[in-house]
Amino acid sequence: MTEVPFIEIQHLTKNFGDQPVLNDLNLTFKAGEFVAIVGQSGGGKSTLLRLLAGLDEPTKGSITESGEQVEGINRQARVMFQDDRLLPWQTVLENIKLGTTDKSDLALKTLSLVGLADFAETFPDKLSGGQKQRVALARALVAQPQLLLLDEPLGALDALTRLNMQELIEHVWQKSPELTMILVTHDVEESVRLADRILVVKDHGIALDLQVGLPRPRQNDQPQFNEIVDQILGEILEHDKFNDD
Amino acid sequence: MKKKITWQRLLPMLIPILVLAVWQLLSVLKVIPTNILPAPSAVILDGIKLTQNGELTRNLTISLYRATIGFLIGGSIGFVLGLLNGLSRISNLLTDSSIQMFRNIPHLALIPMVILWFGIGESAKIFLVTIGVMFPIYINTLHGIQSVDPGLIEMGRVYQLNKRQLFSKIIFPGALPSILVGVRYALGVMWTTLIVAETIAADSGIGFMAMNAEDFMDMETIVLCIVIYAILGKLSDVIVKYLEEFLLDWQQTD
Amino acid sequence: MRNKRQRRFKLGVIIVFSCLWIWGAFVGWRNLNVNHNTTSKADTSQSTKLKKITIGYQKGDILEITKVHGNLDADMKEKGYRIVWRSFQSGAALLQALATGNLDFGRTGNTPPITSQAAGTDVVYVGAGYSKYNGSGILIPNSSSMTSVKDLAGKSIAVNKGSSAHYLLVRALESVGLSIDDVKLVYLDPSAARIAFTQGKVDAWAIWDPYTADAQINADAKLLVSGKNYTTDRDFILSTRAFTNKHADLTSTVVDGVAIALDWANDNKSELSNQLQKSLKLDKEVTDLTVSRRTYGVSKLSQKIIQEQQEIADLWYRLGYIDKKIDVDKNVVGD
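Residue numbers (UniProt numbering), protein chains in the order written: chain A, 1 to 245; chain B, 1 to 254; chain C, 1 to 335.
In short, the hints are calculated from the structure, not lab data.
In silico DSBU-like pairs for lysine-lysine, Cα to Cα no more than 35 angstroms straight-line:
no. : chain 1 : residue 1 : chain 2 : residue 2
1   : A       : Lys109    : B       : Lys163
2   : C       : Lys184    : C       : Lys281
3   : C       : Lys278    : B       : Lys234
Only a predicted model underlies this, so the values are computations on that prediction, with no experimental measurement involved.
Taking the hints into account, I'd like the entire structure generated from these sequences.
Structure follows, in structure tokens:
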């Protein structure tokens, strides 16, 4: 069955002033796909995500989602940011319900899904960094989006919390077969661990578009896992080899 | 544990009580002449006397009325201007620098103008309080709105909040701590401005009582008025403190 | 975790305090209105058509005596007017209210109308009080060794700037060939000056009654000289040109009414002293002394009185306190 692409990106170009950030990008994403975007800082990863969310306008080109062009805020998408961006003046439960029509049941269920059912009435300031990101994840899920955009959400967490969160994200994705996830990360191992498909963004374009067929759950002691990591790292660092000391 | 807490609650009272005791003692021993500083007991008696003949209650409530009306008017204007200038760049460019200029005029310097414009009736006094209260509320509302984390606003947009929800769920609560700081400060300004305002041809109010007592060296009443200022100031502060704790319960660290 | 009980308690505290506050403000509003209505309530029941006349006074002055006596209110009512009395803390504030049209009549000492005329206001004289130099003068501590005005050379003297006492002081100094540059003037309003004087921070204090009497009785002070020979230290009843042009008849009504009240005052000094004692909150001894050394009365401005005022104006101009020469005669209303 040839699938109709869920998202189609055509000739997408974004400049900030005179500075090109993305240049003539052409991509398609399937519904239910888990895509990771890796690359060096400032390479345009986050810009691509913001364009998909509708937070920025493309300079040229278009993004089509389920056959309709994305203009303004993408109503099917939710974003998880690197910082949790929880409202400190609202309780965890109120935060999760943000922007939804009062669905307490679903909100509580989602809260249990991320393992924070006991914290519904707590203010975010009392939570740890990992817990806050779980709340942020729950908040993104309550709206039942078709597209979940993850902008380095685990970047600020410690290694152990990170592993737990990765498991949680994988679990959430596996539970909802229609949910398309796009994860921007600078952690190559993370991308290999989670994604079906990895895009390396470099020089304002896609340098590598790699399908990862490893069975889940994936472990970083598998030789194939490390081969893929090395391949991606090699691609990312290629031009910097000379400067590398 | 419990004992320690009550102990610590009483601690701030210790110094005022000690000062009062020493003051009373020195007055009784005639170390301080009563025409320079009357004894606390004399001040209290004066307070009782003035309460009984209704003068204190009358002046106090009249001052309270002027303060409240001035605060409500000035506070509303300051708040609305702060909102406008915080939310609209055009409005900000248009009015902010003018307001900032006007803000630095000392209220005392305005009195001749105020008499010219408003005469010597109630409106002159209320106007002065209005002016005094307006600026702290304006500045802090504006600052509060401007310092709301833009990340949160962006998040709100992604989560499909409309403009009204963006304001009520993100911008206003985010600005609220700063607004309440403004309210707290404005309440202080409210009393000091009112005292000045009540020296304009007033025949009532705490400010008038103090001026009148000062003119005729009625030391007990002068000290009484000072004590009343202190109590009023403290009382306003307590209300706002509770308001802060109630509205900003998310900030509490317990 | 949201503590529901604590929140409810706090909300309770806020509500209770706010209600008390609003209730207090409401009572204040009612008090204010009651205050405005008491003088007029009786009148309004008969006729609300009485036109309003606003008269400004200062505590214990001849207009307050008239107010308490009540005769002027009655006279005015007959003519179809109702008086609203307004109390002022200082002559300057009163004149400002007068000049801006917020008052129709008022009383000050001899110097404020000079300054006011020089500032270009249309404040006019309608009546002059009798001279009262006995209660004004230069106070020194009982223990002071000074015996004459000459001894003031080099001394620090407290005085309310631009006041009648300031004029008295300059005249006294000039009578013995001293100028204000030969002494150290400390400009203080009466309440501050009293403290400075009793604390010995200044050597002398030029002032008027009842402060003079109060200092003499309560602060071990004596008069180095009184105002006699230097000044007449009169009160003046003032109005505005705009008002007197329209209501020439009322000017006489006011002056005559004050004169009647003051006749009563001269005949009933002990009762007057009691009244003043209540109004000024001073000791009986102080008001007794104040009342006893002065004869109350008011008249239209004679040539002699105009000349006295002209002398003040000329001196003020010479000293640079006013920046233009004025002609007092031009701001006098009456025959």
